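J.: Chain by chain, the residues run as shown.
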Amino acid sequence: MIIDIHSHPGFIKEICQNPEREEFRREKFYLYKQTIWPAELVIEQLNAAKIDKAVLLAEDVSSRYGDTIVSNEEIKLLVDLYPDRFIGFASVDPNSKNAVQDLKRAFKDLGLSGVKFNPSNQGFYPNDSIMDPIYELCVKYNKPIIFHSGMTWIKNSHSKFSHPLVFEDVALKYPNLKICLAHFGWPWIMDTAMLLLKYENIYADTALLYFDSPKQFFDTTFNKQLGPYWIDRTLADKVLFGSNYPRIEYKRMVDAVDVLNLREENKTKVLSANAIKFLGW
Amino acid sequence: MVEHFDLKIMTKNDYDVAYIGSKVKEIVDNSKISNGIVSVITAHTSTGILVTEPLECIVSDLEVLLRSIVDDDAEYSHAHFLSTYGRTSANATGHLRSILTGNNCLFPIRNGKMLLGAAQDILLMEFDGPQERRVFIEIIGE
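Chains as they are written, first to last, in numbering that gives the first Met the number 0: chain A, 0 to 280; chain C, 0 to 141.
Treat the hints with care, as some may be off.
Once the Cα atoms are required to be at most 16 Å apart in a straight line, the calculated EDC-like pairs of lysine to aspartate or glutamate come out as [claimed, not checked]:
| # | chain 1 | residue 1 | chain 2 | residue 2 |
| --- | --- | --- | --- | --- |
| 1 | A | Lys12 | C | Glu131 |
| 2 | C | Lys7 | A | Glu39 |
| 3 | A | Lys214 | C | Glu74 |
| 4 | C | Lys11 | A | Glu43 |
| 5 | A | Lys266 | A | Asp231 |
| 6 | A | Lys214 | C | Asp71 |
| 7 | A | Lys159 | A | Glu199 |
Okay, the calculated beta carbon distance ranges per label pair [what the hints assert, rightly or not]:
| # | chain 1 | residue 1 | chain 2 | residue 2 | range |
| --- | --- | --- | --- | --- | --- |
| 8 | C | Phe4 | A | Lys139 | 34 to 40 Å |
| 9 | C | Phe80 | A | Asp257 | 20 to 26 Å |
| 10 | A | Leu80 | C | Arg133 | 20 to 26 Å |
| 11 | C | Asp5 | A | Leu171 | 56 to 62 Å |
| 12 | C | Ile139 | A | Arg104 | 55 to 61 Å |
Residues from chain C that face chain A, not an exhaustive set, calculated with beta carbons under 7 Å [as the list claims (entries may be wrong)]:
| # | residue |
| --- | --- |
| 13 | Ile8 |
| 14 | Asn12 |
| 15 | Asp28 |
| 16 | Lys31 |
| 17 | Gly35 |
| 18 | Ala78 |
| 19 | Tyr84 |
| 20 | Gly85 |
| 21 | Arg86 |
| 22 | Thr87 |
| 23 | Pro129 |
| 24 | Glu131 |
Hints are computed from structural coordinates only; laboratory data are not their basis.
Just so you know, these numbers come straight off a predicted model, no measurement behind them.
For each residue, glycine too, the CB sits at the ideal point set by N, CA and C.
Please put together the full structure from these sequences, using the hints given.
T.: As structure tokens, then:
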């Protein structure tokens, strides 16, 4: 089984009925020329990559830009279309006074499986006290959090909000809260490796591609900049497969996992077993 | 006189072949043009249009040939982040195979019939799928 923990659905036809909203997404998500594809084609793309399930991520930037990039209701709509293939993650805007209420509704009424935050694009520090009631709610409902971490492509957004080290306070204060640092916190991958080594409740995903092809970039990042056996020998329970689709194709990212020096049982962990644990299934 | 038609084809894999000769023939059969030329043109830069005998062995040999000329894991300058797109381009193989196979083919139309040879079929070659592909069918004649 393969689970992709990091997939962006903003350009799926079924939630792209409004041209103004589509344009807003292109600008605020910094994905200018993405073709609008029907959900049926996304399923074909998952099939071609042998991915069984993909986590679809919402993103709420209402207080900065007046709208969501993808709303929780749109995520719910897509999950309902393909409940066996899509897993829905909510988003709420921490700077909104309704954040806790919105998140409670996303978990209780919409049945979403976790929540995604982008501190850079949403403009907050993860260790800010405004996040405490949100973290408490996630612990209460046993829902994991995926944080954008590391560099952001988004214009007018600061990467400093998403530096891996700013998540250490959260991991310490909420040891029962499961946190995934998306994009392995690139370029601060050594800091991410330290956090994975130290904190049981921190995970990281493989949705990173900033130079070269997926295989070349994984080789540089995981085999040269980090120790080539670090994941296999020590961090195999902490790394989740993520694609960052549609900034890159699903299949190319799945194929790139082959360049990691993983024994078969650890490859299974990275591709699915760790995600199952993270999702609390 | 010119008639325009579009074919939409959803491909199933990163490398895939769709046989579209019968669809083009059907369009010509229903056209008002009896004598002229039909052109089949792909709208994309990581697909190809080919004419060959649709035997599994030939199509398989073609795949081996294209993969040997354009290696899946070679070093390609195209593998980098494209700021005008907001995404990474890792599909150099698709573009190069597309260049090698070309983007179109032509067939004559005589007395209302498209002259597709008994051994011929038209192949839409997918080199960067799965995707929803568009093929233009332009019929020119009288």
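J.: Against the earlier hints, flag every one the structure doesn't satisfy and list their numbers going up.
T.: 7, 8, 13, 15, 16 and 17
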